[in-house]
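Asks: Chains B and G are the protein sequences, given in the same order.
2 is the number of the first residue of the first sequence in this note's numbering; add one for each residue after it.
107 is the number of the first residue of the second sequence in this note's numbering; add one for each residue after it.
Derived by calculation from the structure, the hints in this document are not laboratory data.
We put the beta carbon where it would ideally sit given N, CA and C, even for glycine.
It is possible that some hints are incorrect.
What the hints assert, rightly or not - Pair ranges (Cβ atoms, derived):
#1 G:Leu376 x B:Val121: 45 to 51 Å
#2 B:Glu191 x G:Pro370: 18 to 24 Å
#3 B:Asp254 x G:Leu285: 55 to 61 Å
#4 G:Ala452 x B:Gly111: 23 to 29 Å
#5 B:Leu33 x G:Asn463: 30 to 36 Å
#6 B:Leu33 x G:Lys445: 53 to 59 Å
#7 B:Glu191 x G:Leu285: 33 to 39 Å
#8 B:Glu324 x G:Lys411: 46 to 52 Å
#9 B:Arg134 x G:Asp433: 32 to 38 Å
#10 B:Glu324 x G:Gln355: 36 to 42 Å
#11 B:Ala246 x G:Asp421: 41 to 47 Å
#12 G:Asp317 x B:Ala55: 37 to 43 Å
#13 G:Ala186 x B:Glu304: 54 to 60 Å
#14 G:Gln182 x B:Glu133: 55 to 61 Å
Next come the chains, spelled out residue by residue.
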Amino acid sequence: MPATRRSLLAGLSGLAAMPRFLFGAAHAQDHLLDAEWLATAGVEGGFAPVVLSAGFDATAVGHGAQRLHWVEPSPDGRTAVAVARRPGTTAVLFDRRAGKVLASFEPGAGRVFSGHGRFVEAGRRFYAVEIERASGQGIVSLREVADGFSVVAEWASAGIGPHDMLPGLGGLVVANGGIEPHTPEAFGAEVAHAGVAILDPGSGQTRAVGTLEGDLVSLSLRHLARAEDGLVVVAAQDLLNDSIARPLVYAVDPDGRLQAFDAPDEEWRGFRTYVGSIAVDRSGRYVAAASPRGNRVAIWTREGRFLGGVPLVDGCGLAATHEGGRFLATSGLGEVILIAADEEGVGVVARRSGGPRFDNHAVLVGA
Amino acid sequence: MRRSPFALVLAFASQMGHVAHGVPAAAVAAASLLTTIFVGRANAAAPSAPEVVEAWLLPRYDALVAGARANREAWQGFCAAPSEAGIAVLQQRFGAVSDAWAAVEFITFGPVMLSLRPDRMNLFPERRNAIGRSVAELIGDPTDERLKPERFGRLSAAAQGLPALERLLFDDGAAAALLAGPEAGRRCAIGLAIATNIETIATEIRQGWGDRKDGLLAQLVAGTSDPVFFPDPTALMSQIVTDLAGAYQRVVDQRLLAVLGKTPDDAKPLAADRRRSGRSKETIVAMIASADSLGRQLGAALDPKGRAALDKALDAADAAAAGLPDDIGEAAQSAAGRKALQEAAATFKAAQASIANPLAAGLGVALGFNALDGD
Numbered sequence: 002m003p004a005t006r007r008s009l010l011a012g013l014s015g016l017a018a019m020p021r022f023l024f025g026a027a028h029a030q031d032h033l034l035d036a037e038w039l040a041t042a043g044v045e046g047g048f049a050p051v052v053l054s055a056g057f058d059a060t061a062v063g064h065g066a067q068r069l070h071w072v073e074p075s076p077d078g079r080t081a082v083a084v085a086r087r088p089g090t091t092a093v094l095f096d097r098r099a100g101k102v103l104a105s106f107e108p109g110a111g112r113v114f115s116g117h118g119r120f121v122e123a124g125r126r127f128y129a130v131e132i133e134r135a136s137g138q139g140i141v142s143l144r145e146v147a148d149g150f151s152v153v154a155e156w157a158s159a160g161i162g163p164h165d166m167l168p169g170l171g172g173l174v175v176a177n178g179g180i181e182p183h184t185p186e187a188f189g190a191e192v193a194h195a196g197v198a199i200l201d202p203g204s205g206q207t208r209a210v211g212t213l214e215g216d217l218v219s220l221s222l223r224h225l226a227r228a229e230d231g232l233v234v235v236a237a238q239d240l241l242n243d244s245i246a247r248p249l250v251y252a253v254d255p256d257g258r259l260q261a262f263d264a265p266d267e268e269w270r271g272f273r274t275y276v277g278s279i280a281v282d283r284s285g286r287y288v289a290a291a292s293p294r295g296n297r298v299a300i301w302t303r304e305g306r307f308l309g310g311v312p313l314v315d316g317c318g319l320a321a322t323h324e325g326g327r328f329l330a331t332s333g334l335g336e337v338i339l340i341a342a343d344e345e346g347v348g349v350v351a352r353r354s355g356g357p358r359f360d361n362h363a364v365l366v367g368a
Numbered sequence: 107m108r109r110s111p112f113a114l115v116l117a118f119a120s121q122m123g124h125v126a127h128g129v130p131a132a133a134v135a136a137a138s139l140l141t142t143i144f145v146g147r148a149n150a151a152a153p154s155a156p157e158v159v160e161a162w163l164l165p166r167y168d169a170l171v172a173g174a175r176a177n178r179e180a181w182q183g184f185c186a187a188p189s190e191a192g193i194a195v196l197q198q199r200f201g202a203v204s205d206a207w208a209a210v211e212f213i214t215f216g217p218v219m220l221s222l223r224p225d226r227m228n229l230f231p232e233r234r235n236a237i238g239r240s241v242a243e244l245i246g247d248p249t250d251e252r253l254k255p256e257r258f259g260r261l262s263a264a265a266q267g268l269p270a271l272e273r274l275l276f277d278d279g280a281a282a283a284l285l286a287g288p289e290a291g292r293r294c295a296i297g298l299a300i301a302t303n304i305e306t307i308a309t310e311i312r313q314g315w316g317d318r319k320d321g322l323l324a325q326l327v328a329g330t331s332d333p334v335f336f337p338d339p340t341a342l343m344s345q346i347v348t349d350l351a352g353a354y355q356r357v358v359d360q361r362l363l364a365v366l367g368k369t370p371d372d373a374k375p376l377a378a379d380r381r382r383s384g385r386s387k388e389t390i391v392a393m394i395a396s397a398d399s400l401g402r403q404l405g406a407a408l409d410p411k412g413r414a415a416l417d418k419a420l421d422a423a424d425a426a427a428a429g430l431p432d433d434i435g436e437a438a439q440s441a442a443g444r445k446a447l448q449e450a451a452a453t454f455k456a457a458q459a460s461i462a463n464p465l466a467a468g469l470g471v472a473l474g475f476n477a478l479d480g481d
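Extracted from the complex, chain B is given alone in its bound form (with noise of 0.2 Å):
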């Protein structure tokens, strides 16, 4: 069902688009936001999109019920989107200079928001990734932004379960979760069903589909990132808890295959079966991975050299910085953290807390 009038007015009357609020003194409200990340964080008494300073300076942009996800810049250089997760219903657009919500959307009757959606066309139409309550198969549609961000097109995902989509790979990539690891209807699972599909973003065509095989079966694929060069990674939670270390960072081939990253039995069994976000540093040379279960931040090489790896509590989202080599990461503890990744290793070089509750995932602005 396209976004109508009537939709987005509605969408707007469950989000309070309050004056922002300030976390710690970060900026004057009459002072447009430095800003240099975005965020999703839960907030007192909700959740709402967070505009990250230069210095981690966490602004709060509005107030709402649902709880959000992922945040999309737009390349317009002054919005963004943050869309609700399952079993969310909403998507927000934000000024993210002015910190002011300026409109909301929803997916169509009966689904729910995934929590993921893209920009394209250089920010003209948004692709949200949604799920069918009933059936869990996935709809990518795409959305005319200056038009309220109507529908335009719909397409099937190629898969039950999406949760991430990117363009790339000469298409759009959409990460087929299939079965979602520790929710109660994953009990008894041993095959997630996931797939990574790249579709034809003219017409939604199925390309191909990448899946694992054997005994990584129970991987269910989740989220993706992207190299500017090309490079496209997705990363896996395991519906197993065996002990058996699975690979959990793979890079996909054009033509769907899915390639394992290397590291340590150790290491993989340290995540304790779930990595929650997966990001390229601005450089495309370095890939990082965290485990808010494993409490842990990894780092490879493009290649799948494994390097190292930082602690950080809760720890889940990552972003590249405007330099290479270096990811920021954000904690549900409010904390983030500098991390600085070379071909020797991997450390931490600046940390601040204090913040919000971080939600799963950040981004670089203008990345």
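Using the hints, position chain G against chain B.
Replies: Chain G alone, transformed into the frame defined by chain B:
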């Protein structure tokens, strides 16, 4: 150390008493009445995170270490002189260690977060019969090399902890196979290796915490950060409250909903935690009782209204745990049993909600959440 308003009022009253010599009795009585009113209305100060660790957590780790030591000693004694009475002792000791672990299983901060200690202590939920396969494979191994303590802790987590020990003690025919037969000696050696390993893990966790003068607790008391455990010592209260909320979620999601399934036909009685030892209810009772006691300690700092709301929710959780059917798996297969489990789950969810509000809200601490619920 911060002093609670309660303590300050008492100190104030004490000083008034000294000054009151020689003043009219009515004035003293009035002051006494005033003090009573103050005390009656005062809320205790929120305990600091190090105080919670010292007063609530460490005694539970001490109990775990003591239980694990008694369990290992029982295995040593049994292996030297197997007997039916010895089996009963082993089973009793297993229950004590199992409950002691359930009381702290939901704590994810501190030394427990290293070296896969939670998984090695209690790999749960078991998948693909990982524990059964690991134990069977160890029984079939004719050498003792992997049972040496320095090797055993590096084996699959499935072989190392309480669920593997439960198999050796409670699987069909397991007790008899420990007493006599071609595998008896081997099974005993494996049991002793597991018991030793459990004691080692428990001891490592407890020793890592140390005391007020040494170890992590001393660091916390001094307010110094630790790059691994507490990069921000002030965030510890958030971790404590987050883990407390997670305790109820673990019970509901893993111990009840996973067994219930969506319909009676979907019920999974074999997924009930500790079903082999018949402790599926006791494990929940132990975890809920432990969580409730932590909640009450933290809740002492709330205003009377918040404290009453919290106490009501936690009392209900205690009562719901006590009223659970003895066999969770069996209950999941009958209409009456399912109703009882669903009602208990709803009560535990309400207790979890009370941890967010009024507890976390009243204490002014944030609940972390990334590790709890996926995506």
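Asks: Confirm or reject each hint.
Replies: Now the hints, each set against the structure:
no.: 1; hint: G:Leu376 x B:Val121: 45 to 51 Å; result: 48 Å, holds
no.: 2; hint: B:Glu191 x G:Pro370: 18 to 24 Å; result: 23 Å, holds
no.: 3; hint: B:Asp254 x G:Leu285: 55 to 61 Å; result: 58 Å, holds
no.: 4; hint: G:Ala452 x B:Gly111: 23 to 29 Å; result: 26 Å, holds
no.: 5; hint: B:Leu33 x G:Asn463: 30 to 36 Å; result: 34 Å, holds
no.: 6; hint: B:Leu33 x G:Lys445: 53 to 59 Å; result: 57 Å, holds
no.: 7; hint: B:Glu191 x G:Leu285: 33 to 39 Å; result: 36 Å, holds
no.: 8; hint: B:Glu324 x G:Lys411: 46 to 52 Å; result: 51 Å, holds
no.: 9; hint: B:Arg134 x G:Asp433: 32 to 38 Å; result: 34 Å, holds
no.: 10; hint: B:Glu324 x G:Gln355: 36 to 42 Å; result: 39 Å, holds
no.: 11; hint: B:Ala246 x G:Asp421: 41 to 47 Å; result: 44 Å, holds
no.: 12; hint: G:Asp317 x B:Ala55: 37 to 43 Å; result: 42 Å, holds
no.: 13; hint: G:Ala186 x B:Glu304: 54 to 60 Å; result: 56 Å, holds
no.: 14; hint: G:Gln182 x B:Glu133: 55 to 61 Å; result: 58 Å, holds
The earlier numbered hints are all upheld by this structure, with none contradicted.
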